[in-house]
Each structure stands twice: as structure tokens, then as C-alpha cells.
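**Student:** Residues per chain, in single letters:
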Amino acid sequence: MNVRARSLPLLYLLFVAITAVVLFPIAINVMTAFKTPGDLMSSSPLSLPKQWSFVNLKTAFEKGNMLVGFRNTGILVFVSVFLNTILGAMTAYVLNRFDFRLKKLVMGMFIVAMVVPFYTTEVARFQIIKGLGLYDSLGAPLLIYAGTDLLQIFIFLQFIEKISAQLDESAMIDGSSYVGIFTRIIFPLLLPASATLGIIKAVDIMNDMYIPYLYMPSKSLHTLSTSLMTFVGQRASSFEQLSAAILIVLIPTLLLYLFLQRYVFSGITAGAVKE
Amino acid sequence: MQKRLVVVSFLFIPVALLLLFLLYPSLRLLQFSLTDWNGMSKSFNYVGFDNYVEAFRNPDVWKALSNNFLYFGIHAVFIPLEVMLAVFLNNKMRASRFFRSIVFMPYILNGVAVAYLFSFLYNPINGPINALLEAVGLESWIRNWLSDKSIVNYSLVVVSLWRFSGLHVVLFLAGLQSIPNDLYEAATIDGAGPLKKFVHITLPGISRVMEIVLFLNVRGALQVFDIPFLMTQGGPGLASTTFTVYTIQTAFKYNNYGLASSLAVILMLMIIVFSYLQGRLFKGKGESS
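Going down the list, the protein sequences come from chains A and B. Quick note, the numbering used here runs 21 ahead of the 1-based positions in the first sequence. Quick note, the numbering used here runs 5 ahead of the 1-based positions in the second sequence.
Do not take every clue at face value.
Using C-beta positions, here's what the derived DEER-type ranges look like [what the hints assert, rightly or not]: (1) GLY78/B <-> GLY95/A: 38 to 46 Å; (2) ALA38/A <-> ILE184/B: 23 to 31 Å; (3) ILE156/B <-> TYR156/A: 14 to 22 Å; (4) GLU59/B <-> GLY95/A: 39 to 47 Å; (5) LEU188/B <-> ASP120/A: 32 to 40 Å; (6) PHE280/A <-> ASN96/B: 23 to 31 Å; (7) GLY160/A <-> LEU32/B: 17 to 25 Å; (8) ASP120/A <-> ASN43/B: 27 to 35 Å; (9) TYR281/B <-> PRO213/A: 29 to 37 Å; (10) GLY95/A <-> LEU10/B: 30 to 38 Å.
Just so you know, the hints here were simulated from the structure itself, not pulled from any lab data. Ideal Cβ positions, reconstructed from N, Cα and C, are used throughout, including at glycine.
With the rest of the complex left out, here is chain A:
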């Protein structure tokens, strides 16, 4: 299909307009973050800073508890993605390579889990987390995030199907156990898929708000999202500082997007389009 040459400028205009709509909020945020309070009061919110000041970023970083936020978000991302990848791969391996009586039931449970609502389930999950003694600890979100889901299993299954069962068999003949087959053959071959899925999971965890908010109220356990929430609660009116805090929280996923965009896209579309 070719777009007619005449409508092409119009098309570019449309996409330039969309680009403006996407970038406008971010540009305003960056400009505001670098303004001094006096500058913000006296000039239009659309104007560039008279002088670029880093004071707000420093204040937001220190008073906004951002270092703690980075640390906790980092721990959650690395540990959860690591556990989640291994558990997902193990589940898919067993579901693909073995026949057992409860297979349909296990798949069925993962399907049912797809319709369990996100936030309202916390009403009941809250009691379980408390009962397990996980309340106000990193353990609560870690275990919640580590669990695998249907989409992840589905994508891993697509990849495992392509790995010839003969590889398994020849390894068996060489005296390898099932665990050995998984760790030395299956899992390494799943690594490309794991990378894309892991990045999507990492973005989800970095951007999650309600689970850390509900289960980790202590200041020392704040993530980037909840640090920002607390900071906004404290300084609702000083927009130059808020913008600076917002900017700090935006940066990690923006960087990730900038450098690993290919994986982000393949992760997002992996479940939607059959290979």
C-alpha cells in the first residue's frame, strides 16, 4: 500500500502534532524543574528558565528520599525479575515436556488468574500478607511480583516448542538428569525471550504504585513511586520542586527505553502476534 504523494505532507503534520502532544507535558516538566521559585512566579509557565538552576533537583533528591527509592526499586526489580524468569521458565518446561494428570488443572488456574482484578483483590490479599508476617517488608512485593502469569508461560511455551526434543534425549543418554537438561539446554535457549519479558516486567515493577504503597508504608522501604507520593503530599504547592521530583522518577524508565527500545517493543508485542 502506498500513500499518495499529495497527502504525505498532511501525514507528517499529523505525526508532528502527535509528537508535540506527547512531548509538551515532558518539556514543561523539565523546564519547571530547573526554574527558581521566583522565576516560576514571575514568568509564564511556558517560558524557558531564566537561568538553569539545579537547586530543585538537589532538594527533591535529598528531601524526597530518592536514594532510598532508587535502592528499593532496584532491589525489587532485580530480585523479582530474576525469580520470575526462572519460575516462568520452569513452569513452561514442565508443561511442555511432561504429561501428567493435573496439567489441565494447572493451566486452568493460570487462565482463571487472568481475570482476577488488580487492585480490588488487595482487600483480601492484605490479610494474607499480614498473616504471613510479610507486611512492611520487601518480601511482600517480591513474592507478589515473582509469580508467573499466563502471558509469560505462553511466550516461553512458544520458544520451548521450537527446541527439539532430541536435544533432551541425547542429553539423557549422556546421563543428564531432567534438572540438568533444564539448566544446561532449555534455560540458556530461553534467554533471548527472557530478556524481552524481563524488561517488560522491570518496567511494570518500576512503575507500580499500589503494592508498595499498601504493603511498605515505612519510609526506609519506599520505592521511587511511593517516595514521589510522599514528597507530593508534603510540598503540594511548590511546583518547581515537585517537577524536579517527577523528573527524577521519570528518568530510569526513560533511559531504559532509550537504550533497550528493541527489547521493549518485542516484549510488548510478543504475546499479541504469533511468531
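For chain A, the structure is supplied; the task is to place chain B on it using the hints.
**Tutor:** Here is chain B on its own, set in the frame of chain A:
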């Protein structure tokens, strides 16, 4: 024997996590929904379906639900536009990769940061959006975007569109890219025009992605939470509350776990029923074409 050991040991943790954090809580919701539990006391009474009756009689619940439908409806209206943008991006126009990156960017940004960023943009005093309207001579359009009851929901839906439309475009684009090019070439040889090609090749080619997007829209719109929770707390009054915000507040703010649980169960049923209906409707159409 080794086989059974492997199956059990490999599945134990994933299935245990699934049961413990997703399926068992869902069953507990069912149980709580039949009680008058306040979330703290050791005992509670079974009250039958009282909570469900109350949920249906409560006008606030219906108000919240109608707000969810606003998100659903407006996002649904945007779906054809999103398909169109994906088609344009798929035409290998120059800078198409750049535009794809831009369109998708809002989706990966931190939702809390985005919500607060828009709160600032909407600020009535010296806020950037009002300043922009002033700069282009549209002073008469200036509003209290987040405190005017008749506008607040639309202001919030705009944030939701800004964040999630790009995801749909990228999904549709992936669907389009999976359509083999020779289909179009064959159609051209057979003398089919652009419209015919769109109806008979493009639309069926993206039907799987369309199903996914429609499901995501139902699930997302019925569960809108962080945007109103962070930006307005459902206010002013209950003007911008959504079903999920209302449920969460019923539980954690007003300690009415019984009612909140029944609302959660109703939400789960709605997700199932609406996804099913929409799927049926869409499948029926797809087969007839």
C-alpha cells in the same frame, strides 16, 4: 519416578504463589462478601447477600461505574484512530521508527509521575494548559480542569488516553507487520483498490490484535485506579471516583470489608461477562466478513 519428582518440584513454587496471592484471595473475597466484617475484629457475621443488595442500591456505586464507562467509551472511540495511525506508520514513511518511539513513550513512563505531572499542567492558577490556551487566544476555554464536576472526568480520561493510546498503536502496528506482503501484491494483480485491500486483508490480519486490544480496554477501563486516586482522590465529592477507587476506599478508608469484597466480586464478574460479550460480538462480525 524421577519424572513425577521433577514435575512436582518445578511446579511447586509457581503454583503455590499463584494459589496464595491470586486464587485464594479471590475465594476469600467471595467469603468476605457474605459477611459484615470490618477488617479488624476477630469475628464477623454472615449476612447473606446483603452486601450485594446494598451495592446495587447504592447510587454512589452506579455513579462510579458510569465514570468507568466514560473511560471505556472514549478509549473505544479512539481505537479506529489508533488503527489508522498504525497503518500510516506501517507505510514505511520516513522517520516512521522515530514516530513509533514517540507515540509509545508515554506508556513506559512512571504512572505516578505522569499523574502528578498532569495535575500540575491542569493547575488553575498559572497552570501550563491554561497559559497555553491564553497564548493562542482561547481564554474562553479556560476551566478549573480538576475541580469542575462536569469536566473533571474528561480531564482524567485525557491523561488515560495520553498514557495508553500508544500501546494500542504499537500492538496494531505489530499486527500489520505480521501480514505477509504477497497478499497485498496478489490483491493488486487482481485489481483490488486500497479500500478493498483494507477491508479484506488488513482488518482480518489484525483481528487477533484487535481482540487483545478490546480485552485490554475492558479490563483497563473497568479497573481505572491510579489516575483518579492520585490526581483527585475521586473528587470533588464523588465526581471522578471509579469502581476500583470506590472499592478500595470502602475497604481501607471506611473499613467496610464486606461491602468492598462484594464490589470486588462484582468487578470480577463484570470483567468476565464484558470480555465474553465483546469477544462474541467481534467474532460474529469477523466471520461474516
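**Student:** Look at each hint and say if it fits the structure.
**Tutor:** Hints, one by one, checked against the model:
| no. | hint | verdict |
| --- | --- | --- |
| 1 | GLY78/B <-> GLY95/A: 38 to 46 Å | holds (40 Å) |
| 2 | ALA38/A <-> ILE184/B: 23 to 31 Å | holds (27 Å) |
| 3 | ILE156/B <-> TYR156/A: 14 to 22 Å | violated (39 Å) |
| 4 | GLU59/B <-> GLY95/A: 39 to 47 Å | holds (44 Å) |
| 5 | LEU188/B <-> ASP120/A: 32 to 40 Å | holds (38 Å) |
| 6 | PHE280/A <-> ASN96/B: 23 to 31 Å | holds (27 Å) |
| 7 | GLY160/A <-> LEU32/B: 17 to 25 Å | holds (23 Å) |
| 8 | ASP120/A <-> ASN43/B: 27 to 35 Å | violated (48 Å) |
| 9 | TYR281/B <-> PRO213/A: 29 to 37 Å | holds (35 Å) |
| 10 | GLY95/A <-> LEU10/B: 30 to 38 Å | holds (36 Å) |
Checked against the numbered hints listed earlier, the structure breaks hints 3, 8; every other hint is satisfied.
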